[in-house]
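S.K.: Below, each chain spelled out in residue letters.
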Amino acid sequence: MSPGLTRPGAALAVYGLLGALIVVPFLSFLAMSLYSVSGVVIDRSLTLANFARAASDPVLMGVFWRTILLCAGIALVTTLVGYPVALFIAGMRGRARYGLLTLMVAPLVLSYVMKIYAFRSILGGNGLLNRLLMGAGIIDAPSNFFVFNLNAVFLVLAVLLAPFAILPILLSLEKIPAALAEAAADLAASRWQIFRSITLPLSRPGIATALSFTFIMAIGDFITPQMVGGPNGFTFGRVIYSQFGLAFNWPFGAALGVLLSGVIILVLALALALGRVPGGATR
Amino acid sequence: MTPSRTAQVGLALITALLLIAIYGPIGVTVAGAFLPVKGGIIQSFAPSLTAFHTLAGDAGLIRSLVITLAVGAVATMASVTLATALALFTTERGGLHSRVVTVIVFLPFVMPPMVTGLALLIFFRDVGVDRSLLTVTIGHVAIILAIAYRSIVVRLTDLGRSLIEASLDLGASRWQTFARVILPNIRGSLLASAVLCFALSFDETLVTLLLTGTDSTFPIRLWGMTRLGITPAANAILAILLAVTVAASALAIAISQRRHAKDANAP
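So the sequences go chain by chain: A and B.
Under my numbering, residues 9 to 291 are what the first sequence spells out, in order.
Under my numbering, residues 1262 to 1528 are what the second sequence spells out, in order.
Calculated directly from the structure, the hints in this document are not laboratory data.
Hints should not be assumed to be uniformly reliable.
Unchecked claim - If you want the footprint, here are the derived chain A segments under chain B, 3+ residues with CB under 8 Å:
no. : segment
1   : 84-95
2   : 179-187
3   : 269-281
Fair warning: this is a prediction, and the values are worked out from it, not measured in the lab.
Where is the CB? At the ideal position from N, CA and C, for every residue including glycine.
Please build the complete structure, drawing on both the sequences and the hints.
M.R.: This is how it looks when you write it as structure tokens:
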């Protein structure tokens, strides 16, 4: 159909290009995790020492599990907040629905760094958040709870990633045929029963996508922890990043990166399994 | 079937709180661009444009903006071209080719930017290419390729094969078929994916941070500016970006609505 694309050279060109652009870089990354470093030189004999070192380092493993916990918490909170918001938007019609959806999606286009910066400016010890909480009588003195630590990372990521939870849930809610709920109502099901036995189970693919999306985006980010995490809010991403900067141990950093990729692949597989609509195909 | 009135109020409340959480910090920061703000509290109502004047004189910032626009333009053109070729290849061949190409194309997109960035960083070092704007652009292509590919494949599949086969049966060459039949039909999806690719490239921070040499793109520059503290100049940047984003979104909405109206009026 298209110029030259049925000729044998086409396949060669396609795979050659994709190989150089994507496949070989990822393979180099895998290979690097099996190298070691002696002084400033990378020793290219294969070894699993990096993984052994990572697994036996209690501080590093502490950061690893804390990061997983943090990101699981972020995924859970964004989905728990995103679900009702998606339900609210799904129930609206016309202009109001369009406007609200735009309001939720618009911040995605705004510079990521600047959004985190905007949060920074209200978080500090003397920041607006503390003042509001004091004004409301919730706390008496400026609290350090959200001052540049993992709690701040949690808060910022939970808000910034919320649209990524809302969108897939909204999509799955829209796919539910209205006739199902109407039939259930005709059969005298209460609103709560309809939600429990129709809406919620049928929106499971959306929930699974929301959970996995937000988890993966949170765990792959090192800008937010770097900007609002302060000196002690270390996450796994920050540790990896530091191996390629100050610590300058690329093989070790690559091994940690492989570990992170493993977690992500696991989460994706889990999401795929959880996303099946009970008693039916995925679609 | 809509939720009950009380449930509806609860949902509205959660939505409102989320909107406050999203827009509150942005609003406070934008206010700080015009007014003296300390700790989120407006100190005095004396609006000034000093912060904007500071920006206009920041040559490094303006240079980074130019760099970002150039990188975005090149990366977008390269991705859309490459994605078109890949999409033509896979829709033509189908089967195993289609599955393999799709998995490869989506790999850098699905993996977190940090992993993709590190993979490219290690690769460039292995082949002896120094970090520069070239490596940044290649990194952007690797990430945004999936977006363009997906959109073009969907359009090509919708288009079907009959038009193309008819064109070939009528004696058109493959190039003629591509230029006169395929291209006009996929133009919309090319344009839409180009816009999306450019937007993604413009804001790409993580991969860029890993792959850039001495030149800073706009997000990297912003990162450097905002890491240390709150400044009126940084606040002013947010105000400008917000204005540009709102204007661009409004334009996009207007264009898509006009297109819908046109489609509705078409016979």
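S.K.: Does each hint fit the structure? Answer for all of them.
M.R.: Okay, the hints, checked on the actual structure:
Counting residues of the segment 84-95 of chain A whose beta carbon lies closer than 8 Å to any beta carbon of chain B gives 4, which reaches the threshold of three, so the coverage claim holds. For the segment 179-187 of chain A, the assignment as covered by chain B is violated, since 1 residues bring a beta-carbon within under 8 Å of that chain's beta-carbons and 3 are needed. Against chain B, the segment 269-281 of chain A contributes 3 residues with a C-beta closer than 8 Å to a partner C-beta. That satisfies the three-residue criterion, and the hint holds.
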